[in-house]
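Undergrad: If you're matching them up, the sequences are chains B and W in order. The opening residue of the first sequence carries number 1 in the numbering used here; numbering runs sequentially from there. The opening residue of the second sequence carries number 1 in the numbering used here; numbering runs sequentially from there.
Please note that the accuracy of each hint is not assured.
What the hints assert, rightly or not - Not close to chain W: a few residues of chain B, all C-beta gaps over 10 angstroms, as computed:
no., residue
1, Asp33
2, Thr42
3, Val50
4, Ser141
5, Ser148
Claimed, not checked - Using 25 angstroms as the maximum straight-line C-alpha spacing, the simulated SDA-like pairs for lysine to any residue come out as follows:
no., chain 1, residue 1, chain 2, residue 2
6, B, Lys37, W, Ala25
7, B, Lys53, W, Arg38
8, W, Lys15, B, Thr38
9, B, Lys37, W, Ser34
10, W, Lys4, B, Gly35
11, B, Lys53, W, Glu5
12, W, Lys15, B, Glu123
13, B, Lys37, W, Ser41
14, W, Lys15, B, Leu130
15, B, Lys144, B, Pro133
16, W, Lys16, B, Asn152
17, W, Lys4, B, Glu91
18, W, Lys15, B, Arg54
19, W, Lys15, B, His151
20, B, Lys7, W, Lys16
21, B, Lys7, W, Ser34
22, W, Lys4, B, Ile36
23, W, Lys4, B, Arg95
24, W, Lys33, W, Pro67
25, W, Lys15, B, Tyr39
26, B, Lys7, W, Glu5
27, B, Lys138, W, Glu23
28, W, Lys15, B, Arg63
29, W, Lys4, B, Thr60
30, B, Lys37, W, Ala42
31, W, Lys33, B, Thr38
32, W, Lys4, B, Leu59
Unchecked claim - Reference excerpt, derived from the structure (chain W facing chain B, CB under 10 angstroms, subset only):
no., residue
33, Ser17
34, Gly18
35, Glu64
36, Asp68
These aren't lab readings, by the way, just hints derived from the structure by calculation. Only a predicted model underlies this, so the values are computations on that prediction, with no experimental measurement involved. Think of the CB as a built atom: it goes at the ideal place given N, C-alpha and C, for glycine as much as any other residue.
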Amino acid sequence: MHKNTRKTTILALDLRLQRFGFGVLEGQPQLLDWGIKTYRATDTHSRALVVRKRVVPLLTLFRPSVIVANHVSGLHVSRGPGHYHIVRAIEHEAREQSAELILLGRKEIQRVFGKGGQSTKDEIAAQVALLFPELTWKLPSVRKTWESEHHNMTLFDAIALGITYLARFGDVFLANNPQPEVRTPG
Amino acid sequence: MAQKEPVSYLRTHRKKSGLTQRELAHLLGYESKSPVSRHESAAVVPTLSMALAYEAIFQVPVSELFPDLYRTVEQNVGARLATMEVGLQEKSTKGRDARAIAQKLEWAWARRNGIEIWT
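All chains, full assembly: derive it from the sequences and hints.
TA: This is the structure we're talking about:
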């Protein structure tokens, strides 16, 4: 595990079944790149292939030493198997690039973003936008209960994952929060 | 695990500015966005005038925009300079040639130690 995150490059991925949001962070933290990549695939095998195709250019360009992805086990059982295959594909690519894959759950993110783990996605996204003003124009308006989630929310979820990882070393804005638990795949 | 730097920070600076690849290409004098795309992905090394144009646009030194390329060039030059120094030290000459060699060796030593002696 990295003791010094000042120059550690992190690729944070919020993996969904049809798209993923990503954020590339350098530990001060500085946001190097961000975006959303979509993939339309019917079966798990071809989906894993497309995900790899989308992730590899990011790994080649930014050469992250850590990849942080979302852990969904137990939360959304219906997308569990598909998510598992995507994580396996990314784990393979991480190994190829000598990067470490870390999975963080929703609870860890909420713990880092305060309010006793009761922060909503919208509140977390707003905190991310405060930290990185260049994302303010992408911040979705607060979701009404009858509305579906905004397309851009995956981007903020990804960056929140990266910040959660960095917060473990206490060099991010939320120094007083407890350190999140970390799961490694496998 | 060794910490690796990103190949290029061009994309980072472009996205922070809010410019699209096409808009940046326009600032560089291109109609198509593909040269910018190739430079961002480090598939193609930009020409000197392009690199200087990037520096002028983002007000960031070229060596910081393309740290990986800069490091490679720096290492190659350093290796060749070391070889040259060894060659100069092995030469045995007198008179003007000796003074010229002494000057080069002195410059190489000062450069290695970060000392500016010719100001």
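Undergrad: Hinted pair, alpha-carbon criterion (25 angstroms max): W:Lys15, B:Tyr39. Please report holds or violated.
TA: holds (22 angstroms)
Undergrad: Between the alpha carbons of B:Lys53 and W:Arg38, is the straight-line distance 25 angstroms or under?
TA: At roughly 17 angstroms apart (the allowed maximum being 25 angstroms), W:Arg38 and B:Lys53 satisfy the hint.
Undergrad: Does W:Lys15 pair with B:His151 here, judged by a C-alpha cut-off of 25 angstroms?
TA: Since the Cα atoms of W:Lys15 and B:His151 sit roughly 19 angstroms apart, the hinted pair holds (cutoff 25 angstroms).
Undergrad: Quick one, are B:Lys37 and W:Ala42 close enough, alpha carbons at most 25 angstroms?
TA: holds (20 angstroms)
Undergrad: Are the Cα atoms of W:Lys33 and W:Pro67 separated by 25 angstroms or less?
TA: The given pair, whose Cα atoms are some 23 angstroms apart, holds under the 25 angstroms limit.
Undergrad: Given the hint that W:Lys16 pairs with B:Asn152, does the C-alpha gap stay at or below 25 angstroms?
TA: This hinted pair holds, its Cα atoms lying about 17 angstroms apart.
Undergrad: For the pair supplied as a hint, B:Lys53 and W:Glu5, is the alpha-carbon distance within the 25 angstroms limit?
TA: holds (22 angstroms)
Undergrad: Would the stated hint for W:Glu64 survive a check requiring a Cβ distance to chain B of less than 10 angstroms?
TA: Hint violated; W:Glu64 Cβ to chain B Cβ min 13 angstroms, cut 10 angstroms.
Undergrad: Does the claim that B:Val50 lies outside the interface with chain W hold up, using a Cβ gap greater than 10 angstroms?
TA: holds (18 angstroms)
Undergrad: Within a Cα-Cα threshold of 25 angstroms, do W:Lys33 and B:Thr38 meet the stated pairing?
TA: holds (21 angstroms)
Undergrad: Is the straight-line distance between the alpha-carbon of B:Lys37 and that of W:Ser41 25 angstroms or less?
TA: Roughly 16 angstroms separates the two Cα atoms, so the pair holds.
Undergrad: With a cut-off of 10 angstroms on the beta carbons, see whether W:Ser17 makes it to chain B.
TA: With a minimum Cβ separation of about 9 angstroms from chain B (threshold 10 angstroms), the hint on W:Ser17 holds.
This entry does not satisfy hints 1, 21, 35, going by the numbered hints stated previously.
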